[in-house]
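Asker: Okay, here's what each chain looks like letter by letter:
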Amino acid sequence: AQTVTQSQPEMSVQEAETVTLSCTYDTSESDYYLFWYKQPPSRQMILVIRQEAYKQQNATENRFSVNFQKAAKSFSLKISDSQLGDAAMYFCAYRSAIRWPSGTYKYIFGTGTRLKVLA
Amino acid sequence: GAGVSQSPSNKVTEKGKDVELRCDPISGHTALYWYRQSLGQGLEFLIYFQGNSAPDKSGLPSDRFSAERTGGSVSTLTIQRTQQEDSAVYLCASSPELATQETQYFGPGTRLLVL
Chain A
1041 AQTVTQSQPE MSVQEAETVT LSCTYDTSES DYYLFWYKQP PSRQMILVIR QEAYKQQNAT
1101 ENRFSVNFQK AAKSFSLKIS DSQLGDAAMY FCAYRSAIRW PSGTYKYIFG TGTRLKVLA
Chain B
189 GAGVSQSPSN KVTEKGKDVE LRCDPISGHT ALYWYRQSLG QGLEFLIYFQ GNSAPDKSGL
249 PSDRFSAERT GGSVSTLTIQ RTQQEDSAVY LCASSPELAT QETQYFGPGT RLLVL
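Protein chains in written order, with my numbering: chain A, 1041 to 1159; chain B, 189 to 303.
The hints are simulated quantities; they were obtained by calculation from the structure and are not laboratory data.
Careful, some of the hints might be misleading.
Said to hold, decoys possible - Among chain A residues calculated to face chain B with C-beta under 8 Å, some are: (1) Gln1084; (2) Met1085; (3) Arg1090; (4) Ala1093; (5) Thr1144; (6) Lys1156.
Note that CB positions come from ideal geometry on N, CA and C, so glycine has one too.
Next up, chain A with everything else stripped away, as it sits in the complex (with noise of 0.2 Å):
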């Protein structure tokens, strides 16, 4: 079965400051799609970046950067130029390529790192 390990619960960056957020996987398969999502107290889970495994360039939109490293099982965020509104918990996830029998991608969820943005 996939896991998602997000290993740093919380992480303070100082506004402008580049920050970076960890996150590693396990799986067995060789195509899938790993996600940065970023909830808000308002609770909507926006995302952020999506990363095709079979694609060996990182993924990028804006402020924000993925540094992927597929033999590393490795998928970290890179938030640059840091603003006060990207304080929010922080979740990275797996979907595999492949649909289950039933018919749907399963998503695997690490358990969120929370960013403060320090004015």
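For chain A, the structure is supplied; the task is to place chain B on it using the hints.
Answerer: Positioned in the frame of chain A, the structure of chain B alone reads:
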């Protein structure tokens, strides 16, 4: 367009009461998921709907939990005889079906507190 909505936003109930949580997915999204998020935990998968059918109920923690979806749209998660351990945030997500890069879109969740 409108995103996924859930109601109520917060629900406080007494142990032993039944509760119903509602999810309105994004129009046209045929896949719908329910998750439970307990304090300090990640998201726990509960149930998946494909249209109106629920081919995957493997995550429902007990027979006190049930869910239905009507008209391929609105879904209701029902918890009977609530227990204190049911206290959590219940999140709903929808996604377009048969997309090769399927992405889930989440609602704001319902925070349930069982006293």
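Asker: All hints are to be evaluated individually against the structure, with a verdict given for each.
Answerer: Hint check:
Look at A/Gln1084: its Cβ gets to within about 5 Å of chain B, closer than 8 Å, so that hint holds up. With its C-beta approaching chain B no nearer than about 4 Å, A/Met1085 sits inside the 8 Å limit, and its interface hint holds. Evaluation of the A/Arg1090 hint against chain B yields a held restraint, the C-beta minimum of about 7 Å falling below 8 Å. Hint on A/Ala1093 is violated. Least Cβ distance to chain B is approximately 12 Å, over the 8 Å limit.
With a least beta-carbon distance of about 4 Å to chain B, the hint placing A/Thr1144 at the interface is held under the 8 Å criterion. This hint is violated: A/Lys1156 has a C-beta 16 Å from the nearest C-beta of chain B, more than the 8 Å allowed.
Hints 4 and 6, counting from the list given before, are not met by this structure.
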